[in-house]
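Read top to bottom, the protein sequences are chains A and B. Note that the working numbering has the first sequence beginning at 1, numbered continuously upward. Note that the working numbering has the second sequence beginning at 1, numbered continuously upward.
Just so you know, these hints were derived from the structure itself, not from any lab. Keep in mind that a hint or two might mislead.
[As the list claims (entries may be wrong)] Partner residues are not named here, just some residues of chain B that face chain A (Cβ under 10 angstroms, in silico):
#1 40
#2 77
#3 235
#4 270
#5 273
[What the hints assert, rightly or not] 20 angstroms max Cα-Cα, derived SDA-like pairs, lysine to any residue:
#6 A:425 / B:150
#7 B:38 / A:121
#8 B:145 / A:176
#9 B:145 / A:138
#10 A:78 / A:88
#11 A:148 / A:162
#12 A:92 / B:150
#13 B:38 / A:253
#14 A:64 / A:89
#15 A:425 / B:77
#16 A:64 / A:44
#17 A:438 / B:40
Small disclaimer: the values here were computed from a predicted structure and weren't measured. We put the beta carbon where it would ideally sit given N, CA and C, even for glycine.
One-letter residues, chain by chain:
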Amino acid sequence: MSKRGTLSRRDVLKIGGGTAAAMAAGGGFLRRAAAQGTTSSSSSVSGNITIWDISTGDAQTIVKNVVSKFNDSHPKIKATVEFFQNDPYKQKLQVAMGAGNPPDLFFGWGGGILKSYVDAGKVYDITGKVDITRFIPSVMGPVTFGGKVYGIPINNVQPEVFEYNTEIFKDHNLTPPATWDDLMNAVSVLKKNNIIPIALAGQNKWPGMMYNEFLTDRIGGPSVFNDIVANKPNSWSNPAVIKASTMVQQLVDAGAFEPGFSAVNADLNQSSALLWSGKAAMQLMGVWDYGTILSNEPSFITSGKYGTFPFPKVVGGEGDPSNLYGNLSNFYSISNASKAKDAALVFLQDAVLNDYAIDQYIALGEVPPVIGIDAKLKAAQHSDFLLMVYNITKQAKNFQLSWDQDLPPAAAQAVLTNVDQLFLKQITPQQFSANLDKTITAS
Amino acid sequence: MSQRFGWMLALMLVPAVGFFFIFALGPMVAAGYISVLKWDGLTPATYVGLANWRELFSDSVTGHAIILTIEMMVISWLIQTPISMLLGIFIAGHQRYREVLSVFYFLPLLFSTVAIGLTWDYLLNPNFGLLNALLDKAGLPGLAKNWLGDPSLAFTTMMFLLAWQYIPFHSLLYQAGTRQIPTVFYDAARVDGAGRLSQFFQITLPQLRYTIVTSTILILTGSLTTFDLIFVTTGGGPGYATRILPLQMYITAFPDTHFGYGSALAVLLALSGVGLSIFLLKVTGFSRMESQMEGM
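Starting from the given sequences, assemble the full structure and let the hints guide the process.
Pasting the structure below:
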């Protein structure tokens, strides 16, 4: 089963300006036509559907509102949504899938994890049953396997960038680092002035993994991870991976992260709290954090202290500095065990990323992966941030899904465990690669 | 006549035995069966014989987990027993203020483990936590460590959190045990001229023998299987610092989706628990139920 090779290539997010313009003109017509086609039949569908989601803060409020508006406009369908914390949710879903009692609609990231559920026959094929022309085509990559569609995006494009405190940088005569050496320099300046250079939620492990992801890409380009996903033997021992691991440990040795970082939890926003309270100067995080900060400490943003810069480039590296890592979006998929598939389809068609939801996400500083929203983004309250996200996503030569979502479950878990040990200096970069090579199954 | 009694006896035992079979024996047998399979919980399982068991005995992480578990059992006993005993004996006194204090001290028992774990996680947070803030203000910033984030400290910190959670329970045991001791003994001892220390070592401690045994069995088997507090607070980390055997079992079975290997660990845990209990009962003579009150 090496279909995974084709999957990773489709994770490229390319939005040509011309494409966007053409789709904006033609897409609106298509959307209206498609919508008319479904609303007339959707009024006869009834059922109860449960949805599992992990959104927090204001994003959670949006989901709740979308669901209740849907229930109002579709009296025959009753949708209930339950919210969970990120890491426990992954476990809960896995167990529910295996036990055969998953919810009708479940939240996910696509990629290898979703594929493992698809291969086990647990996910409903929705090809042709839901209109997907309204979404940016490349975002459908992580949920399309073998030409069949297994989910639709539900919230926003989520590339990962460095967030930084503009005030701290100004006070210490720092500018956003363009290269890795600039970053190391900034780290040492901040350290001398007793400021935590970079906040890190080490306990969840994926925040640390982001450094390995970006460094590997900057050094060796996307082909390194493409080989890994394609199960090439010893692909984890690629020199780019080892060099990236080495640089990670150099960063740790330089004292870049807050003391006790391995107990700091992202699900509880503990690392972002260091940023918005002014204790830490930077954080590498997904752009969903903008909404988190808005929900918790909006003054940090409104006072102009919040800034972003892309992951620095590595001098001499092969990777394009515009390449992005992150989540292309979050998705809802329908379980095969669902007894209300038609009602779930209606929900996907009418509630997910409808006009109300799009406006709400934009107001929260999140960019929905929908075509034709340029004007809305420019007119929005957080237009600077929104246009930044939109533009880096458009300009990225390659947008790769997070390792722990793109790899199959056991391999993904091994990556997280080894990243944890790498950051704690309990294993060497060579051991990191050797341990992960063991997870490559020849299939 | 005796036949009818036999029937009635068997009938009365049915609920307890049934419960044992369904909730204790059944899962153990199931775990034993799964331990010879390779299964990820999603796709059909394949039979792999003793491969999981071989992995168990050669895995260094499991070895480390076993050592940690044994350390935890011993250290938990060493921390909890003296403190619980002294507290329990103290609370057993009939003075009013002691009973009031005992109410407050009982409170941790009432909290859910998840609440305890999350609260202590916040209190011990190296950047925002109350403990380090207080140490700073008290002029001891050097003592403000990364309690749960430093691999060399996390295990010790967990020991203390577990002690905080369970000492109230064991002190209750000791309180009940102490109150059972007839005051006649103490009167007689005072008449014979025994001081407080003598009374403690000659009367209180021997009379508390079976309470100590009960408490010990509970501490040892409890430490062998404790899961929830550690899971909520450190999740087995940082690295492998707090990954005791029950956590290793959970982590290999669920996040790592190696149900076969996890089941093998489960069987190991269950057999260890049973073995430990039987050993303790034999060694301490608990099963003989000898009376401590000969001569009364």
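Hints, one by one, checked against the model:
1. 40: holds (7 angstroms)
2. 77: violated (27 angstroms)
3. 235: holds (7 angstroms)
4. 270: Hint on residue 270 of chain B: violated, closest Cβ of chain A at ~21 angstroms, above 10 angstroms.
5. 273: violated (24 angstroms)
6. A:425 / B:150: holds (12 angstroms)
7. B:38 / A:121: holds (19 angstroms)
8. B:145 / A:176: violated (32 angstroms)
9. B:145 / A:138: violated (47 angstroms)
10. A:78 / A:88: Given that 20 angstroms is the threshold and the Cα spacing comes to 26 angstroms, the pair is violated.
11. A:148 / A:162: violated (35 angstroms)
12. A:92 / B:150: Roughly 29 angstroms separates the two Cα atoms, so the pair is violated.
13. B:38 / A:253: violated (40 angstroms)
14. A:64 / A:89: Since the Cα atoms of residue 64 of chain A and residue 89 of chain A sit roughly 18 angstroms apart, the hinted pair holds (cutoff 20 angstroms).
15. A:425 / B:77: Measuring from Cα to Cα gives roughly 32 angstroms; hence the hint is violated.
16. A:64 / A:44: Roughly 24 angstroms separates the two Cα atoms, so the pair is violated.
17. A:438 / B:40: Distance of about 17 angstroms is within 20 angstroms: holds.
The earlier numbered hints that this structure contradicts are 2, 4, 5, 8, 9, 10, 11, 12, 13, 15, 16.
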